[in-house]
Amino acid sequence: MTAVLTEAEVATAAAPRQRRRRASGALAVLPLLAFTAIAFGIPALAMLNGAFTVKDQTTGATSYSTTNLTASLHGAYLTALVGSVELSAVSAAIGTVLGLLFAQAVVTSRFRVLREAVLTASGVLANFGGVPLAFAFVATLGNSGVLTRRLGLTDKGWSLYSFWGLVIVYLYFLIPLMVLTITPALDGLRVQWREAAQNNGATTVQYWRHVALPVLLPSLLGGFVLLFGSAFAAYATAAAMVGSAVPLVTLQIADAISGNVLVGQENVALALSLDMVLVAGLVMAVYLPLQRRSTRWLA
Amino acid sequence: MARLNLWRWAVLAGAGLYFLVPLAASVIFTVDVPDRGVTFDAYTQILSTAGFGSSLLLSLELGAATIALVLLLMVPAMVALRLGAPRLRPVVEMVCSLPLVVPPIAFVAGIATVLKWGPDHLSRTPLFQTFVAIQNPSFPFVLVLAYVVMALPFVYRALDAGLRAIDVRTLVEAARSCGASRPQALLHAVLPNLRGALLNASFLTLALVLGEFTVAQLLGFTPFAVWIYSVGGSQAQMSVAVSVLSLLVTWALLLSLAVFGGRSRTAAKG
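Here the protein sequences line up with chains A and B, keeping their order.
Here the UniProt record's numbering is used: the first residue of the first sequence is 1, the next is one more, and so on.
Here the UniProt record's numbering is used: the first residue of the second sequence is 1, the next is one more, and so on.
These are calculated hints, taken from the structure and not from any lab test.
Be aware that a few hints might be false.
[Claimed, not checked] Footprint (simulated), chain B over chain A, 3 or more residues, beta carbon under 8 angstroms:
1. 80-92
2. 151-158
3. 183-192
4. 205-219
[Said to hold, decoys possible] Residues from chain B that keep clear of chain A, each with C-beta distances beyond 12 angstroms, as calculated:
5. Ala15
6. Thr30
7. Ala77
8. Ser97
9. Pro103
10. Pro126
11. Leu199
12. Thr214
13. Ala225
14. Ser230
[What the hints assert, rightly or not] Here are some of the chain B residues that sit facing chain A, going by a computed Cβ distance under 10 angstroms:
15. Trp9
16. Val11
17. Ile28
18. Leu47
19. Phe52
20. Ala68
21. Met78
22. Ala112
23. Phe221
The beta carbon of each residue, even a glycine, is placed where N, CA and C say it ideally should be.
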């Protein structure tokens, strides 16, 4: 007699296997979670703890307070924080506009090779930063740089080791980042929309003002905050190029870690780090919903 | 239309100038030395300069260890998410994007604080030996830990894209029906299909480690990027020459990644 399994019997037979599979699945994820808890969690908690800890210089007793956070929002620290935000905002804004113009010129071009080359190069350049980038610009526009000497820029008041010098250097990786971010959105602009606008007698300016830009807006804003975050976190380029000539929060934190500050101020560096995390968290909180919204147009 | 084309070429030419001039100027800077004329000394001296070999070797070792560790942690977890633990997916996704919210400089501030606990509180416990061991200057394992954390977002995205292109469940079930054990199914059926994604993840991680400066410098170690920086203070020509070379190496890495990645994507579609 052949036993015909009922549906219920199949389900009970499969259940233990399913449970075992689920358990082994959790087991495979466990090392990753344990690792991040140690390698990422402990330093993060140490930062949080240190930011709120104050050590009394005479008795050596520690207590929790918001003194460090208050200090990180005053005087030279505040100047550095504001300097970082200004630099990131200005370079992100310029990067957004130039990146959009450049991407638009490439996307509407008839040469497929150009498009592929620009996208590949953007992927490479957007990952390019740090010390080599700083040295390349020092060789170009620094005090004895090739262009500085040939064009006599120093006499005209040019200095690379300044706010605008940093903006020019940062744009080198921000514009490619913007090109990568905005190209899918530009591809999503249908030719029919432009034709429809033209048929209704709209000029190019009107088309951009009323059709293209509103559609692109979520992607543009998303790109802007992404660029902002990228510029805000940058340290190596600035450290290798300007030293501390331009006040930046990353340079201040580095100074404190290296011990170049007054005794008792180490924890202010951790408070500054916490400030940075809050700004970066805000950036991501704006970016992620915008990114989800912009993908709606591209479906 | 003609006006539009002119405008487009102006934009493209401007961008071309901006992106090519610093590279060309760097090369000119290194070979055309004032008062000495054209010379290739900057490049020939690199090999014999103290620290070049050891720092490059250290960076490559750190890169290899980071890639091995990050893949060992991530591949089983990502495959398991597809097979039997989809409910853990949001957790893993969040854990892997957390490093994006903490800038490297803030991360290293936290690490430095933790490392200071060693001498302060733990000098009598066995944990102290661990703290000393992971800060061994000849192979600072603490950097590997930091780099794995920093690589998580990239590796997650690369592996996720690779896994999306294949049906893991069917592959494993087919291998199991043919008598393969679970590890065998993973090693011989799933991993070969993930080759492109694994390569992507490894290349991105290697590029990250080779260029990383912030964490290594502030913890006081000297891998390649920190060495370039330290040379910059004394020998301007040579530091730019090394920068040009390291750029070429990184770009070759990332370009090959773009070519590989592009090919695997079209292959998956076709």
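Consistency of the hints with the structure:
Residues of the segment 80-92 of chain A with a Cβ under 8 angstroms from some Cβ of chain B number 0, which does not satisfy the need for three, so the listed coverage is violated. With 0 residues having a Cβ less than 8 angstroms from any Cβ of chain B, the segment 151-158 of chain A misses the three-residue criterion, and the hint is violated. Only residues whose C-beta sits within less than 8 angstroms of a C-beta in chain B count toward coverage, and the segment 183-192 of chain A has 0 of them, not enough to reach three; the restraint is violated. Counting residues of the segment 205-219 of chain A whose C-beta lies closer than 8 angstroms to any C-beta of chain B gives 0; at least three are required, and the coverage claim is violated.
At roughly 5 angstroms from the closest C-beta of chain A, the C-beta of Ala15 of chain B falls inside 12 angstroms, breaking its exclusion from the interface. For Thr30 of chain B, the non-interface assignment is contradicted: its Cβ lies about 7 angstroms from the closest Cβ of chain A, within the 12 angstroms cut-off. Residue-level check failed: Ala77 of chain B sits 4 angstroms from the nearest beta carbon of chain A, not beyond 12 angstroms. With a closest Cβ-Cβ approach of about 8 angstroms to chain A, Ser97 of chain B is found to fall inside the 12 angstroms limit, against its non-interface label.
With a closest Cβ-Cβ approach of about 4 angstroms to chain A, Pro103 of chain B is found to fall inside the 12 angstroms limit, against its non-interface label. Distance to chain A confirms Pro126 of chain B as a non-interface residue, since its nearest Cβ pair spans about 16 angstroms, more than 12 angstroms. Taking the minimum C-beta to C-beta distance to chain A, about 15 angstroms, the non-interface status of Leu199 of chain B holds against the 12 angstroms cut. With a cut of 12 angstroms on Cβ distances, Thr214 of chain B falls inside the contact zone with chain A, its closest approach being about 5 angstroms.
With a cut of 12 angstroms on Cβ distances, Ala225 of chain B falls inside the contact zone with chain A, its closest approach being about 5 angstroms. Listed as outside the interface, Ser230 of chain B is inconsistent with that label: its C-beta sits roughly 10 angstroms from the nearest C-beta of chain A, within the 12 angstroms cut-off. About 8 angstroms separates the beta-carbon of Trp9 of chain B from the nearest beta-carbon of chain A, less than 10 angstroms, and the hint is met. Hint on Val11 of chain B holds. Least Cβ distance to chain A is approximately 4 angstroms, under the 10 angstroms limit.
Given hint, Ile28 of chain B at the interface with chain A, holds; its Cβ is 5 angstroms from that chain's nearest Cβ, closer than 10 angstroms. Proximity of Leu47 of chain B to chain A is violated relative to the hint, the smallest CB-CB distance being about 18 angstroms (cut-off 10 angstroms). Interface restraint check for Phe52 of chain B: the shortest CB-CB distance to chain A comes to about 15 angstroms, outside 10 angstroms, so the restraint is violated. The interface hint given for Ala68 of chain B is broken, as the beta carbon of that residue sits about 13 angstroms from the closest beta carbon of chain A, more than 10 angstroms.
Contact between Met78 of chain B and chain A, as hinted, is supported at the beta carbon level, the nearest pair being about 9 angstroms apart and thus within 10 angstroms. Hint status for Ala112 of chain B: holds, given a least beta-carbon distance of 5 angstroms to chain A, under 10 angstroms. A distance limit of 10 angstroms between C-beta atoms decides the matter here; for Phe221 of chain B the minimum to chain A is near 13 angstroms, and the interface restraint is violated.
Hint violations for this structure: numbers 1, 2, 3, 4, 5, 6, 7, 8, 9, 12, 13, 14, 18, 19, 20 and 23, all remaining hints satisfied.
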